Amino acid sequence: MHIMEGFLPIEHAIGWTAASAPFVAYGLYTINKRIKEKPEQRMLLGVAAAFTFVLSALKMPSVTGSCSHPTGTGLGAILFGPAAMAPIGMVVLLFQAILLAHGGLTTLGANIFSMAIVGPFAAAAIYRLAKAARIPFGSSIFLAASCADLLTYVTTSAQLALAFPDPAGGFAASFAKFATVFAVTQIPLAISEGLLTVIVMNALLRFNPLELQDMNVITAQEAQA
Amino acid sequence: MLTEQSAYSNRWRQVSPVAKGFFSLCGMVAAFTSSSPRAALLVSLTMTAAAVLGAGIPTVRYLRIATTPLLFLLASGLSLLVSLDFGNPVTGVSLHMAQSEIPRVLQVSCRSLACLTALLFLALSTPLSDIIALLRRCKVPATLLDMMTLCYRTLFVLSEAVHETMTAQSARLGYVSLPIALRSLGGLVSNLIVQVWQRSMALHTAAEARGNDGALRFLENRYAGSPQHITIAVASGVAMIALTVLLP
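Residue numbers (this note's numbering), protein chains in the order written: chain A, 1 to 225; chain B, 1 to 248.
By construction, these hints were calculated from the structure, which means they are not laboratory data. Note that the coordinates shown come from a computational prediction; the quantities given were computed from them, not determined experimentally. We put the beta carbon where it would ideally sit given N, CA and C, even for glycine. Hints are supplied without guarantee of correctness; some may be wrong.
[Stated by the list, open to error] Per label pair, the in silico range of CB-to-CB distance:
1) B/78 x A/10: 20 to 30 Å
2) A/183 x B/212: 45 to 55 Å
3) A/38 x B/78: 48 to 58 Å
4) A/202 x B/206: 28 to 38 Å
One chain only, chain B, in its complex shape:
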């Protein structure tokens, strides 16, 4: 996963996740407080600059990750522009471009773009293990955090299993036609379910053997100079929100 690679190898890897999380949150708040599309675009530019220039994510990789959600945004925006009218006397139903909707669609799309860049900033600069640790500090229920930790750790194991099974099935022409593909996929998923069951039982036995008595606990990373980083993040985040409120 491209996002994962960046999250572990970017320039701001050693910056406190509290600072990065707060700055990203400020970006989302600023997206909603911005009164004009121009202000929202400014927020997206700031968040993109923070990711590309600050955290040092290569521009090409950033664009590759952003392409899919951007296409999705385009489709969503276009579907808002089209208006359906049931009152047409000739055909009954008519489709037309809603001219009056253009300013609102522009506003929604720019806000969505700003939120997306804020999300990408967090996703590309902070590994999930740090985000889970951050959520633990925010007093998220332990059961939910355990599920996240386990999910994150077994995700790649299961992806690997899927990949290997698919290769083996493809080598035996398992995906040549639609009915055969569905059958192969069914075999794959049912095999995966059995693996889920067996792997979780093995994990439970392993944890019990090591004296686990409930919640899964991990050591947190320590970050040097985090007070300064948090101060910078708070100051710049609040300034960004203030700017979007004041900007006409």
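The following block holds chain A by itself, in its conformation from the complex:
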């Protein structure tokens, strides 16, 4: 769900960039702190950005039969932490704009806000809440990943509706219009991505619990269980 290059009016483009900047700065601050404690994290987060880029280029079979690409925001937030996802997402979105002409430089701020801030923070919050509520591991992963996708798409619709309110119905009508147009592709995508993330995390939990423990996704007790 990228907003196209040059599509947003200049005030909105600048506004969303200003809104994303503190999150990216905070993300960089936490990353710097992590690197100081564990120097190997420098390489891990760089390779994680490449992983997210490759993931977003994968073709995923969707429940309606059409093909779509996973966003990887939910998975990334669970594996690498939501704060780190803002800079990682920024790098990935910049690379997508330059290498694939997907998204853009003027809309980078708006896209970072929806895909690298709202999505990952929502995923991490839902995963934590579900864990606290003792919801089974698989279900909490599914909820986190699919809600991250849904919220990303709702944010993008709101961004477009704010920039282009309907001449008759204003923001609400415009939001309903964009949300309906995107729902056709985004709701099946959210379900598929949720399922995919569950399969991925289950496989990791079964075969690579030590790596997950190293990335602080699960505790030592959970790794042994």
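Take the given structure of chain A and dock chain B to it, following the hints.
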């Protein structure tokens, strides 16, 4: 990746990235300062001409790269044209073409097209390694630049791994139906995550063994005749912006 091939093999490969970056930036500014769709179209024509005639990108390749974003632009433009009305007395909600919106949609679409051609000009004429070096000059935080460098270098390694895994899985009928495809994809991604972890640890060990003590530093390319190139880029870029402001 087609964009990458052009970025390394175009005629303007040896032109200073500062000049190309500035010209592309001027194109984006001009897209926003143009007061009419005609002016924005002029900017797109200029940027396309710079890429195709100047940097010598083959026209067919340019069109192939531009097709996807253009289709996306068409869809976005059409969705702006449709208006949703909740006040319909009969059906409650009604959809209709917003006649009054046509000039605004035209303006937005032409501006978006102009920005897109400016982005394509930069993407097709300048390799990412040069863009990262350019960002380093703009004092972008070193941690972010390190992430970009590492991302760019491991991107192709991971793509290769994905490609090979998919071939192996397809050969074993891993993508014949939806549930099986999802399962195979899950296996692929989880395997990739383990690779991310292992590769980054190996990279860290390699860097430490060579005395790395922090940021990753690389030698920058030197460009002959860059002052002239930058002067030309600044002059033509500023002229383009001025023209879009003055053009009615």
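Hints, one by one, checked against the model:
1. For the pair residue 78 of chain B and residue 10 of chain A, the beta carbons lie near 23 Å from each other, so the given range of 20 to 30 Å is met.
2. The supplied range of 45 to 55 Å is met by residue 183 of chain A and residue 212 of chain B, whose beta-carbon atoms lie about 48 Å from each other.
3. The hint said 48 to 58 Å for the Cβ distance between residue 38 of chain A and residue 78 of chain B, and at roughly 50 Å that hint holds.
4. Checked against the hint of 28 to 38 Å, the C-beta distance between residue 202 of chain A and residue 206 of chain B comes to roughly 32 Å, which is consistent with it.
In terms of the numbered hints stated before, the structure departs from none.
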